[in-house]
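Residue numbering for the sequence shown follows the numbering used here, beginning at 55 and increasing consecutively.
Some hints here could point you the wrong way.
No farther apart than 25 Å at their CA atoms in a straight line, the calculated lysine-lysine pairs in the BS3-like style are these [claimed, not checked]:
1. K144 / K287
2. K144 / K236
3. K383 / K63
4. K236 / K109
5. K185 / K167
6. K164 / K278
7. K100 / K284
8. K326 / K109
9. K109 / K97
10. K104 / K278
11. K384 / K342
12. K100 / K287
13. K326 / K338
14. K167 / K278
15. K287 / K104
16. K144 / K167
17. K284 / K97
18. K342 / K63
19. K383 / K342
20. K164 / K144
21. K236 / K185
For each label pair, taking beta carbons as the anchor points, the in silico distance ranges come out as [unchecked claim]:
22. G285 / D119: 18 to 28 Å
23. P275 / G321: 38 to 48 Å
24. A252 / S184: 35 to 45 Å
25. G321 / A354: 17 to 27 Å
26. S184 / R92: 47 to 57 Å
27. E290 / S96: 15 to 25 Å
28. R262 / K164: 22 to 32 Å
Hints in this document: simulated from the structure, not taken from any laboratory.
Cβ coordinates follow ideal geometry from the N, Cα and C atoms, glycine included.
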Amino acid sequence: MTDQLPATKPSRPYFSSGPCAKRPGYSLDNLQGALLGRSHRSKPGKARLKAAIDKTRALLGVPDDYRIGIVPASDTGAVEMAMWSLLGPKPVTVLAWESFGQGWVTDAVKQLKIEPTVMTADYGDIPDLSKVDQTHDIVFTWNGTTSGVRVPNGDWISAAREGLTICDATSAVFAQDLSWDKLDVVTYSWQKVMGGEAAHGMLILSPRAVERLESHTPAWPMPKIFRLTKGGKLIEGIFVGETINTPSMLCVEDYIDALDWAESLGGLSALKQRADDNLAALTKWVAKTDWVDFLCEDEATRSNTSVTLKIVDPAVTALDDDAQRAFTKKMDQLLDAEGAAYDINGYRDAPAGLRIWCGATVDAGDVEALTPWLDWAFSQALAEVA
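Turn these sequences into a full structure, and let the hints guide you.
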């Protein structure tokens, strides 16, 4: 710990967990080709939307028989579109170990009223995945953005499952291996791992999900922006760029720019390596720092994107919850004022702590440069406690 300001700051102090850091070298000049002032339903408009879909498929290795659509309302809209459209025919299990997973529980219980089986765990932990009933439809987050906990892999999902798997992958996709053969619905938003702009979501459907859509009529009213079928058949246009509502063509171009950058690095493997390197930089620092530890203690389930830290210094842990939250908020404010890190206070529903985005658009050198500043901010905030 030190009272002296560190000599070097992160060159890009953007560690927010959403919207996340833009890619290295990003410039608005890269968006000069955006199709502005034109209809998204024009021939060139649909071509750019289809290009975003095709580049997504290539980069992520999405199977050829899976549909990929651009949908409104970010990842939340994509998840709810899937839940409202697909759930009902089978029993449902919803897994929740952080706030967004708990949000899907709320939707299932209070909005759809389907009485799901709910499996929960405290922040930092994960439910016993071996106990998930494979005859149920399963709704879960691959990576808990607010808890820093991810499923270790897809091995817990049966290849012979009877139900559908609906996976909120918004802070996992482009940074972790997704088991496509185990996933029937995958959703994410542009503003997470790839640092795109907000309000647009992606909905990826397996053939099993499409079969459910075409054979099941939901018992509840369906808003227009949730409707994926017409006359009992999938609206195929949604999955070739004919969006349900009006997208921002500037945001589309921004997303394509991020995909092109990723491809120039070497594709998905390079993105995963960058996130792993960022986590490794924090892990090295945590190992030698006595006042901090990971909220997720199990390395197998620790996120390499939304990394959550807890304060373990006795002087801080002795404080009540409100005081501990005030402590981490103070650290966040100090770092913001110095331009060393932005938006790293823990999520409001999570335990008091820090949350540092380590996705692929963040440079490992900036994570390394951040760590002395974390020590400095802790020292400054602790002096006020004393």
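We went through each hint and held it up to the structure:
Between the alpha carbons of K144 and K287 the distance comes to roughly 20 Å, so the proposed pair stays at or under 25 Å and holds. Between the alpha carbons of K144 and K236 the distance comes to roughly 18 Å, so the proposed pair stays at or under 25 Å and holds. Distance check on the hinted pair: K383 and K63 sit about 20 Å apart at the alpha-carbon level, within 25 Å; holds. Note on K236 and K109: the hinted pairing holds, with a Cα-Cα distance of about 22 Å set against a maximum of 25 Å.
Note on K185 and K167: the hinted pairing holds, with a Cα-Cα distance of about 23 Å set against a maximum of 25 Å. For the proposed pair K164 and K278, the alpha carbon gap of about 21 Å is at most 25 Å, so the pair holds. Taking the CA atoms of K100 and K284, the gap is near 21 Å; set against the 25 Å cutoff, the hint holds. With a C-alpha separation of about 17 Å, the suggested pairing of K326 with K109 holds against the 25 Å cut-off.
With a CA separation close to 18 Å, the supplied pair K109 and K97 stays within the 25 Å bound. Taking the CA atoms of K104 and K278, the gap is about 22 Å. The hint holds against a cut of 25 Å. Of the supplied pair hints, the one linking K384 and K342 holds, its CA atoms being roughly 23 Å apart against a limit of 25 Å. Taken as a hint, the K100 and K287 pair is honoured in the structure, with Cα atoms around 21 Å apart against an allowance of 25 Å.
Distance restraint check for K326 and K338: the Cα-Cα separation of roughly 18 Å lies within the 25 Å cut-off, and the hinted pair is therefore satisfied. Between K167 and K278 the alpha-carbon distance is near 20 Å, which keeps this suggested pair within the 25 Å criterion. Of the supplied pair hints, the one linking K287 and K104 holds, its CA atoms being roughly 21 Å apart against a limit of 25 Å. Restraint check for K144 and K167: satisfied, since their Cα atoms lie roughly 13 Å apart, inside the 25 Å limit.
Between K284 and K97 the CA atoms are separated by roughly 23 Å; this keeps the pair inside 25 Å, and the hint holds. With a C-alpha separation of about 20 Å, the suggested pairing of K342 with K63 holds against the 25 Å cut-off. For the proposed pair K383 and K342, the alpha carbon gap of about 23 Å is at most 25 Å, so the pair holds. Proposed proximity of K164 and K144 is supported: the alpha carbons are some 18 Å apart, at most 25 Å.
For the hint linking K236 to K185, the alpha-carbon distance of about 16 Å falls within 25 Å, and the restraint holds. Hint check: G285 to D119, Cβ distance near 22 Å, so the stated range 18 to 28 Å holds. Against the hinted window of 38 to 48 Å, the Cβ-Cβ separation of P275 and G321 comes to about 42 Å, which satisfies the hint. Judged by the Cβ atoms, the range 35 to 45 Å given for A252 and S184 holds: they are separated by roughly 36 Å.
Between G321 and A354 the CB atoms are about 25 Å apart, so this pair conforms to the stated range of 17 to 27 Å. In this structure the supplied range 47 to 57 Å holds for S184 paired with R92, their Cβ-Cβ distance being about 52 Å. Between E290 and S96 the C-beta distance comes to about 19 Å, which sits within the given range of 15 to 25 Å. At roughly 27 Å, the beta carbons of R262 and K164 sit within the given window of 22 to 32 Å.
The structure agrees with every numbered hint stated previously.
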